[in-house]
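> Spelled out from the first residue to the last, the chains are:
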Amino acid sequence: MSQHHQQPVPATQECTLLEAVNLALHYEMHHDESVVVLGEDVGTNGGVFRATSGLKETFGFKRVMDTPLAEALIAGLSVGMASQGLKPVAEIQFMGFIFPAFEHLFCHAGRMRNRTRGRMTCPMVLRAPYGGGIHAPEHHSESTEALIAHTPGIRVVIPSSPARAYGLLLAAIRDPDPVVFLEPKRIYRGTKLNILDDGQALPLDTCFTLRTGTDVTLISWGACIADTLEAADALSEKGISAEVIDVATIKPLDIHTMIMSVASTGRCVIVHEAARSFAVGAEIAAQISEKCFLNLLAPVQRVTGFDTHMPYFRNEQYYLPNSKDIVAAVDRCFKEA
Amino acid sequence: MSQHHQQPVPATQECTLLEAVNLALHYEMHHDESVVVLGEDVGTNGGVFRATSGLKETFGFKRVMDTPLAEALIAGLSVGMASQGLKPVAEIQFMGFIFPAFEHLFCHAGRMRNRTRGRMTCPMVLRAPYGGGIHAPEHHSESTEALIAHTPGIRVVIPSSPARAYGLLLAAIRDPDPVVFLEPKRIYRGTKLNILDDGQALPLDTCFTLRTGTDVTLISWGACIADTLEAADALSEKGISAEVIDVATIKPLDIHTMIMSVASTGRCVIVHEAARSFAVGAEIAAQISEKCFLNLLAPVQRVTGFDTHMPYFRNEQYYLPNSKDIVAAVDRCFKEA
Amino acid sequence: MKAITQAPIEAQGHQPLMAFSLEKIQFLDTDGNWLCERPSFASDQWLVQAYKHMVLNRVFDSKAIALQRTGQMGTYPSSLGQEAFGTAIGMALQKDDVFVPYYRDHGAHLLRGHKMSDLLLYWGGDERGSASGPQQDFPICVPIATQITHAAGAAAALKIKGQDQIALVTIGDGGTSKGDFFESLNVAGAWQLPLVVVVNNNQYAISVPREIQCGAPTLAQKAIGAGIHGVQVDGNDVVAVYQAILEARQRAHLHKGATLIEAMTYRLGDHTTADDASRYRSNEEVKQAWLNEPIKRLQTALHQLNLWSAEQEQAWQQQCGEQVDQAVQTYLNIKPDSAESMFDYLYQDWPEVMNEQLDLLADKLARQQHK
Amino acid sequence: MKAITQAPIEAQGHQPLMAFSLEKIQFLDTDGNWLCERPSFASDQWLVQAYKHMVLNRVFDSKAIALQRTGQMGTYPSSLGQEAFGTAIGMALQKDDVFVPYYRDHGAHLLRGHKMSDLLLYWGGDERGSASGPQQDFPICVPIATQITHAAGAAAALKIKGQDQIALVTIGDGGTSKGDFFESLNVAGAWQLPLVVVVNNNQYAISVPREIQCGAPTLAQKAIGAGIHGVQVDGNDVVAVYQAILEARQRAHLHKGATLIEAMTYRLGDHTTADDASRYRSNEEVKQAWLNEPIKRLQTALHQLNLWSAEQEQAWQQQCGEQVDQAVQTYLNIKPDSAESMFDYLYQDWPEVMNEQLDLLADKLARQQHK
Ligand SMILES: Cc1ncc(C[n+]2csc(CCOP(=O)(O)OP(=O)(O)O)c2C)c(N)n1
Ligand SMILES: Cc1ncc(C[n+]2csc(CCOP(=O)(O)OP(=O)(O)O)c2C)c(N)n1
Ligand SMILES: [Mg+2]
Ligand SMILES: [Mg+2]
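Protein chains in written order, with numbering that gives the first Met the number 0: chain A, 0 to 336; chain B, 0 to 336; chain C, 0 to 370; chain D, 0 to 370.
Just to be clear, a hint being listed does not mean it is correct.
Stated by the list, open to error - Now the in silico label distances, taken between C-beta atoms and shown as ranges:
no., chain 1, residue 1, chain 2, residue 2, range
1, D, Gly161, C, Asp95, 34 to 44 angstroms
2, B, Asp197, A, His134, 27 to 37 angstroms
3, A, Thr208, C, Gln325, 51 to 61 angstroms
4, D, Gln162, A, Gly53, 26 to 36 angstroms
5, A, His134, C, Glu339, 45 to 55 angstroms
To be verified - Partial pick of chain A residues on the chain D-facing surface, computed with a CB cut under 10 angstroms:
no., residue
6, Gly79
7, Thr120
8, Leu209
9, Gly212
10, Thr213
11, Glu236
12, Lys237
13, Gly238
14, Ile254
15, Met259
In case anyone wonders, no lab produced these hints; they're calculated from the structure.
C-beta atoms are modelled at their ideal positions from N, C-alpha and C, and glycine is treated no differently.
Build out the structure end to end from the sequences listed, making use of the hints.
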């Protein structure tokens, strides 16, 4: 997997999102000696999803560390390593197990620079597969990005395609501040797309407009982007032209791109699979409602998970938003206009 | 402190909010043997703020337990006790130290009933002083109620007066589901008010309209209620009639009361001291913007803390919302209308 | 570095302060021979019962894996090779004890009276799988080590209420690295709780081998720092595990507090059906481990005692197969719960203010039905 | 309960498995007598330096409390009676070591080169108080025990980078109950980290006495479960604490990994200026503890060695007073930082998308200025 990094000409690779994560890790560990990887099962096993596959073989156990089973420790070790000039990329095996890491994220990672007036910094990345829809057991389907987004000093990034996974992960590792990088596992092994393995990073506070449109703005991120694009297709058959924005960088939030879009379309539907209330969708809806007050032709709609736990997998389809739900929300925008 | 419970006639007491918490704890421990109190320094010391003062002397160390210093443990012990028919009321010494308790809140307290289809329940209360403005050291000023509000299966309650502290805490303890009860320490020792110690609980999903008005709806909770009422006074001098709503029960959210109010006033300002983005204010603003779409005369305004950490106390006044900020937001509502 | 060039520091000013020791319990060796006298609880009947349950556990296990492989169930964590552990626990628990399991406790679960079909239902992705079983027992716990603080809380509740039962909690070797494990042991020591912690040290936490979890030679010695009793047992010896729990119960009753039991086992299968153990351990190692497995050992012991014959074995295997097949049928016939059930147990009293959620769900269902 | 009516369970099937022992280090008894030979590092000059710093620490402490009492500083945690602890650490640390303090380490902080006025600034509610000091040292840590995982991470970084320094972390007795403590000791054992953990066992965590934190007789024995070395020292004996750290450093250099040092001290003052210790402990107990305090003991030893006179004492007290007064003046002259500073160090690169926040702050400031 790593030999190609020796080559002067960057290779193009057909990648799933998962492979793109792996490619970015290989690239950056190859080019920056201070990057280290740690977490549960990230070494010999290459991660339970294989995101870190091949790293230990290539970079050795000193830079690819299987940790004891303790998420608070994984986060705290990362803070400690980052303070001493390393760039730890830690994995939390599933987002449902991130809670023990929270004290270190909220109380330290996000504060170290501010607390020391820049003397000590915390350039760490915490990666975690997130979201539902893969028929996994309880606690393996969480999408609690809102909790982290509310945390000052931390960036929250969620890719929705192989190329964005590659470019955003590189940016996250290179960023001098802590980044929580959430990987939508429902689309981990989706369509393979071409990626140029050239080490080019993407910006960390810019939405991606995936499709332009004139009648309604659909805003989403992560795995729901797939459903949103599907809905945009369905809408276009109905003669409705939908603009689709992938938020991608949840915090800080590039609300300007979204406002510009809604100012021109006049309608907005926000899609996420996290529980509806007090989620990221609320912030976006609040800001768009405020800042597009005079442009909005209909109230901003949210298509979301419910204010309950993701049901066990036999019933998870009743919880997850789908393209029909999105189309219905757009219909409401037109009815109420 | 406890003798009066022997008396048949409920006594009226002059109480601060802090004393009201203490009174409610005494009342309920006296009337319900299954109520137990646990936490750091809650026993002999009566809590660092004295909220549990007198309990150990009255009810003994079996029901008032000083725990080892471990917040995950405090939450986990509470889940375990609640499962066996006790009603634990646990204290987290400051909200800034609640993070280790989070895994138990999110993964267990809020799920136990659902997970077992009602076989096992979790009637626990987690109390914590919260919010800034008392010139305390770092980590002693947090208001991260949004994180908990996003958590399914948990109730979040915040009193803003002695009477509501008394009635809501009784309700929280009696509720068959987990409640996080946040006590605004900035007003812990504020004005003493009369409380009838009659064991009367208040509802757990109803806002309190503290003042009726016609021109603008001011929505807040916790210590900011004081600033909000102050702003309402200032506004009334300017001839603006403000309705003031104390949300009090953050989750589940009584949005109806708020919508009814804004539908009639046409203007809305939400006030909280938590960091602005992805906070409780966003959810309220999103819902009001959606549901009062045709009634709103101006965009919903939020007056909040900033998206940064509460500065150390020398500068905390630059972070905390005050009545001038609220008045200015109301002014914006009128300008933009 | 200055310190390196210095002469080695002498250990001056030292005085002895404390000494500690650990024991190991074992009755049956890997060949099924008794290493010491058969304890009084281990009657003929007891041994046969234990054996039969271990076999049932294994038959259940392989059927569950087959269900997953054929798309009829979800991810499943096999208890292959750890049947003595679950069986001893299930047999040692009394009706009113509080059992706080983790996810690899099928053997114990079945003995606690959980319906076999409900276990399948749980792993089939249906919450109703956790609705049965003793009222006070905890449901299966997925977030590693969290269950142990619940068990400590349950033990504290027993003590507060003046009840004589114990809370018994299971946990994996990986789980012993997480803060909850230590915090719970620690409070159990400080509060002298009637808590019994049984570690299924099956040598791996997914791919992470035991020696990466912890630099100490045993996990049992983690008891020392908490001031509670620790002991290691041969976890493939059902008699030893049972004995250790009996002693722990007695310790709890005498108000000497909690016990940590490290049961030495080996996870003969993959971590779960989603895992491929050949990525991180050798066939040779697994082959060696099969020589230690608990069923063969007890079978030999029973043969030597003339308590079990080839015919009995065949009949029992068949009976187990039938019992499991019946449970599978029951399981497969259970229709999924309603969509609305996701709200039915969220709060005991449905908050009216949440009605919008029901409306949203109704709309969604209407759309899903009209394809 | 069935089990109770049974005859007591015999401890059958037991075999010895492991044995462990703990030592205690002490050189000076409470009366300042040498219990054994004076170690070679403890030269005349070293002893005087240690003594002088302990006195400075105490003078600083009482001034800080006075500042708080007069409204010129915020809540402050006194290190009264724990001066040997901080002084030994500060003297034993080398320039490039990583020091990871908690909040009661004023003595060590001053020796690490933190400006005294910056310490006051920190406790006066100003972030700039943590901007000075060695680049690699951590700022004061308030969330209990979290610092120890950072120290483990820093130690891992040293090891990864092949550097020979140690990471030294301090923690209170209360802190040893929190998961982070154990998780860090555990990884230090598994990874053989150059980590030195020094527990300031001052007998209280606010009001909670040591025996409620943990049922074990010592905190040093918590090392055993992690497979690292543990030792107890008389924390009021500056020579003993220093010796323990020297040995720990050597252990780290020989790649034998981490050390847990439990230093026995007593918190003679309130927990902080916000606390009233008389609510939870007797005057008698505190009076007894004063007999053990570290400064008097070393002073006696110095007297006996003819290294210190009453005149020197008086002169040094005065010099300390002047140094502290000067620091107080510097501190009091530092104007509060700008309001905007709350954003200056949030991210290294200010995200343009957050400009609204600056506008909101500017508006707010404008309002605050126009009263
Ligand atoms: C808090 C948490 N982190 C991570 C996981 C993912 N995970 C599931 S099982 C497992 C390994 C557990 O190993 P061990 O405790 O030894 O138990 P075993 O499965 O071997 O019986 C991990 C890391 C989890 N369930 N919970
Ligand atoms: C995680 C966390 N919980 C609670 C607190 C509040 N608190 C501050 S100091 C303290 C007691 C600490 O005692 P100990 O560890 O013995 O240190 P000491 O103050 O005695 O030096 C507590 C509970 C905190 N700072 N952090
Ligand atoms: Mg294991
Ligand atoms: Mg202490």
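> Check each numbered hint from earlier against the structure, then list the numbers of those it violates in ascending order.
Of the numbered hints given earlier, those the structure breaks are 1, 2, 5, 8, 9, 10, 11, 12, 13, 15, listed in rising order.
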